[in-house]
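Quick note, the sequences are listed as chains V and W, same order.
Quick note: the first sequence uses the numbering used here, first residue 9, plus one each step.
Quick note: the second sequence uses the numbering used here, first residue 85, plus one each step.
Think of the hints as simulated: they come from the structure by calculation, not from any bench.
Any given hint could turn out to be false.
[As the list claims (entries may be wrong)] Sample of chain V residues facing chain W (criterion: CB under 8 Å; computed from the structure):
(1) Q50
(2) S51
(3) I101
(4) E114
(5) Q115
(6) F117
(7) G118
(8) P119
Where is the CB? At the ideal position from N, CA and C, for every residue including glycine.
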Amino acid sequence: GAVVSQHPSRVICKSGTSVKIECRSLDFQATTMFWYRQFPKQSLMLMATSNEGSKATYEQGVEKDKFLINHASLTLSTLTVTSAHPEDSSFYICSAGPRGVPGKYEQYFGPGTRLTVT
Amino acid sequence: GDSVTQMEGPVTLSEEAFLTINCTYTATGYPSLFWYVQYPGEGLQLLLKATKADDKGSNKGFEATYRKETTSFHLEKGSVQVSDSAVYFCAQRDRDDKIIFGKGTRLHILP
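Assemble the whole structure, with the sequences as input and the hints as a guide.
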């Protein structure tokens, strides 16, 4: 089946630094990828929709200058948390679906990246 | 806006008990409905889905039926196992292909 990977699986960074998280579709091309944030014992909150070759679409309340998303190819999207602060510590999850008619494909989820900002 | 509401957890059951996790949704159209499962330390996995009214999704002994009249998609399993212990998320996919999740229900199965 379709596989989505994320790297790194865990990262610890100091407050004020930036960290990049990669999301890759390993065996299919993904026109669209989604980035979610999951707080402990809570649901996933959609942060943004990443579109290959164009700007990401951010959900209301998500700072686009803080969470930079780049979808440079059909198999790779990156999320960069800039000037990270302890409140950015969270579990970040991406999902991707194969190319095709929107709404007619499955979304596959990556294993997530645990970010801890000290 | 569109939303998903599912029963609060945690739910604790003995092995071989019957499981129901309630889920209702609000949507302007007729969304596709999903149940995802997150095992400890792992990512989300699609458990089952239904794309139209009266469809029944099933997998690994779990079932859920898309009920348009009650806007529900309750998850059921006749006999749970310890290995079913996980967090279960009910979700819908909206017109923009965004997936909207419920808050999740943590399930503990005791041997």
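Hints versus structure:
1. Q50: With a closest approach of 6 Å, the Q50 (chain V) hint holds.
2. S51: Cβ of S51 (chain V) sits 4 Å from chain W, so the hint holds.
3. I101: Holds. Min distance 7 Å.
4. E114: holds, 7 Å
5. Q115: holds, 6 Å
6. F117: Holds: closest Cβ of chain W sits about 4 Å from F117 (chain V), inside 8 Å.
7. G118: holds, 6 Å
8. P119: Holds: closest Cβ of chain W sits about 4 Å from P119 (chain V), inside 8 Å.
Against the hints set out earlier in the document, no violation occurs for any number.
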